[in-house]
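K.L.:
Sequence:
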Amino acid sequence: MDLITKAPKGTADLVPADTHLWRLAEQVLISEAELNGFAEIRTPAFEHTELFQRGMGDVTDVVEKQMYTFEDKAGRSVTLRPEGTAGTVRAMLENGLYNAGYPVKLYYNIPCYRYEKPQAGRMREFRTFGVELFGTAEPIADAQLIALAMSAFRRMGLEDVGLQLNSIGCPTCRKEYHAALKEYFSASREKLCPTCLSRLDRNPMRILDCKNPECQELAAAAPKITEYLCGDCRQHFSQVQAYLAALGIGFTLDPGLVRGLDYYTRTVFEFPSQTLGFALGGGGRYDGLVEEIGGPSTPALGFGLGMDRLMLALKEQHVDFPEPVKCEVYIAAMGPAAQVKALTLVNTLHSCGVPADCDICGRGLKAQMKYAGKTGAKFSMVLGEDELASGKAVLKDMSTGETRKVDIGDSFVDDYLTFSTQQEDLRF
RNA sequence: GUGGAUGUAGCUUAGUUGGUUAAAGCGCCAGAUUGUGGCUCUGGAGAUCGUGGGUUCGAGUCCCAUCUUCCACCCCA
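Counting from 0, one number per residue, gives the positions in the first sequence under numbering that gives the first Met the number 0.
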């Protein structure tokens with residue numbers, strides 16, 4: 000084959016073999032979100048660039064170098080969304096969703112875009128399942144949100160997804176902590192790697208996250224954020240932990256857990272996958288973001304799940320999901336008259352919700368049967384001149400070989416349903 | 001963005017120190033008395049060897065560039 004071009008770098012087609020699995024995972028997430036009272040929101044795939052600059056913070060890597068930003072034909076700067084939170088906050092405010100009363104609970108399942116060097120689990124177009132919760136500063140909300148994600152993982156059969164937890168405090172206590180970190184790292188600034196050196200002034204908390212051995216060694220003895228949390232933040236954090244414990248949700252405290260977006264406050268968390276070696280998603284509280292975007296001061300929190308990563312994890316752990324039913328009844332036909340009959344019977348079955356099919360490729364009987372077997376049809380039926388004349392045909396169970404004569408006139412569907420449910424009963 | 005690998009039919013791969021029409025398995029299509037699939041047998045379609053240059057009498061095999069995918073870093077979902 001000689002295609003004129005391939006799919007763009009960092010994008011992937013989801014073919015039927017994938018989409019089936021995707022939909023099952025999405026169904027679990029959607030159902031879990033809706034059990035918790037969240038409703039779906041759909042926002043534009045692109046926004047005015049300043050929304051992300053203000054929302055995520057201009058010194059973050061994402062905003063500085065990973066955004067798909069371009070001018071539209073009228074000269075406006077727009078950006079393909081690199082994440083879901085900023086747009087959701089904007090839409091929540093713009094549509095006055097808070098007027099229905101707090102809390103506002105929203106979820107979304109959207110493609111996002113970041114210009115990065117692709118790798119397994121890191122695409123330029125990736126899908127995020129996100130959940131955002133507005134209007135509550137209570138620690139019980141943090142716990143409910145985390146519980147939602149953990150239940151979804153459990154329902155999907157993912158065994159190795161953990162929970163890492165930290166609190167990065169509020170702007171007040173973080174200011175003190177930043178100062179303390181700066182002082183600590185400045186004392187041995189010659190040991191820091193170049194990237195960390197540049198982080199020293201802009202965001203010293205990122206140094207805690209550095210994988211460089213020397214930086215890690217330094218970071219290990221660095222002041223802990225927990226020692227600098229103000230009374231309120233400290234209490235909030237310990238209550239979150241207490242709620243999680245009550246729910247039986249295990250977690251690891253990780254003082255070095257710093258999220259990459261500037262809007263986070265207090266609780267931050269990630270869902271690391273042991274087998275994959277990176278997190279399936281993460282989130283936290285962002286009590287200052289709504290106000291930053293121009294809304295009333297509103298506490299909020301949320302998380303995002305990398306759907307592509309989730310699918311990798313499911314495949315890696317060989318989680319079993321039921322196969323899709325492509326065809327339950329296959330009606331083979333011989334001759335033009337029988338083809339017409341097959342098409343109408345199939346159509347009738349469809350109207351009763353039974354997946355059915357007949358030949359549309361002009362194949363012979365043998366090839367039709369072969370196709371029926373390949374698609375996994377439970378039953379097959381052959382229609383020829385004899386059947387048309389007698390008004391009866393033989394319905395065959397493809398796995399047991401058992402057969403049964405059925406009417407192919409008006410009582411066809413009744414006959415079929417009786418037979419097929421009997422077969423179902425035999426299985427249990 | 002930095003560093004390192006990779007690329008042969010739809011899929012998984014073989015292809016000797018560069019030498020005639022580039023192999024195989026699986027899959028696909030068609031036959032083996034137009035009336036019944038899964039097994040078997042036979043046949044067929046399908047690759048300008050990622051792309052573009054270069055070296056050579058001659059390149060899938062060597063060189064350069066470029067693209068893709070993958071790995072590490074960076075970062076994150």
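To be clear, the hints were calculated from the coordinates, so they are not data collected in a lab. Please note that a few of the clues may not be correct.
Within a straight-line C-alpha distance of at most 30 Å, the following computed DSS-like cross-link-like pairs (lysine-lysine) qualify [unchecked claim]: (1) 223 with 190; (2) 395 with 377; (3) 365 with 314; (4) 377 with 340; (5) 395 with 340; (6) 391 with 373; (7) 223 with 325; (8) 377 with 314; (9) 365 with 5; (10) 340 with 314; (11) 373 with 395; (12) 325 with 373; (13) 181 with 223; (14) 404 with 377; (15) 391 with 365; (16) 314 with 395; (17) 391 with 377; (18) 340 with 365; (19) 116 with 8; (20) 314 with 404; (21) 190 with 174.
A quick note: this is a predicted structure, and the numbers were derived from the prediction, not measured.
K.L.:
Compare the structure with each hint and give your call.
P.N.:
Now the hints, each set against the structure:
1. 223 with 190: The given pair, whose Cα atoms are some 19 Å apart, holds under the 30 Å limit.
2. 395 with 377: Satisfied, since the Cα-Cα distance of roughly 8 Å is no more than 30 Å.
3. 365 with 314: violated (36 Å)
4. 377 with 340: Roughly 20 Å between the alpha carbons, so the hint for residue 377 and residue 340 holds.
5. 395 with 340: Satisfied, since the Cα-Cα distance of roughly 18 Å is no more than 30 Å.
6. 391 with 373: The given pair, whose Cα atoms are some 26 Å apart, holds under the 30 Å limit.
7. 223 with 325: Violated, at about 56 Å.
8. 377 with 314: It holds: about 27 Å lies between the C-alpha atoms, which stays within 30 Å.
9. 365 with 5: Violated, at about 38 Å.
10. 340 with 314: Outside the cut-off at roughly 42 Å; violated.
11. 373 with 395: Between residue 373 and residue 395 the Cα gap is close to 15 Å, so the pair holds against 30 Å.
12. 325 with 373: Holds. Residue 325 to residue 373 sits at ~10 Å (cutoff 30 Å).
13. 181 with 223: holds (13 Å)
14. 404 with 377: Given pair residue 404, residue 377 holds - Cα atoms ~16 Å apart, limit 30 Å.
15. 391 with 365: holds (21 Å)
16. 314 with 395: Violated - the C-alpha atoms of residue 395 and residue 314 are around 35 Å apart, more than 30 Å.
17. 391 with 377: holds (19 Å)
18. 340 with 365: The given pair, whose Cα atoms are some 19 Å apart, holds under the 30 Å limit.
19. 116 with 8: holds (9 Å)
20. 314 with 404: violated (43 Å)
21. 190 with 174: holds (24 Å)
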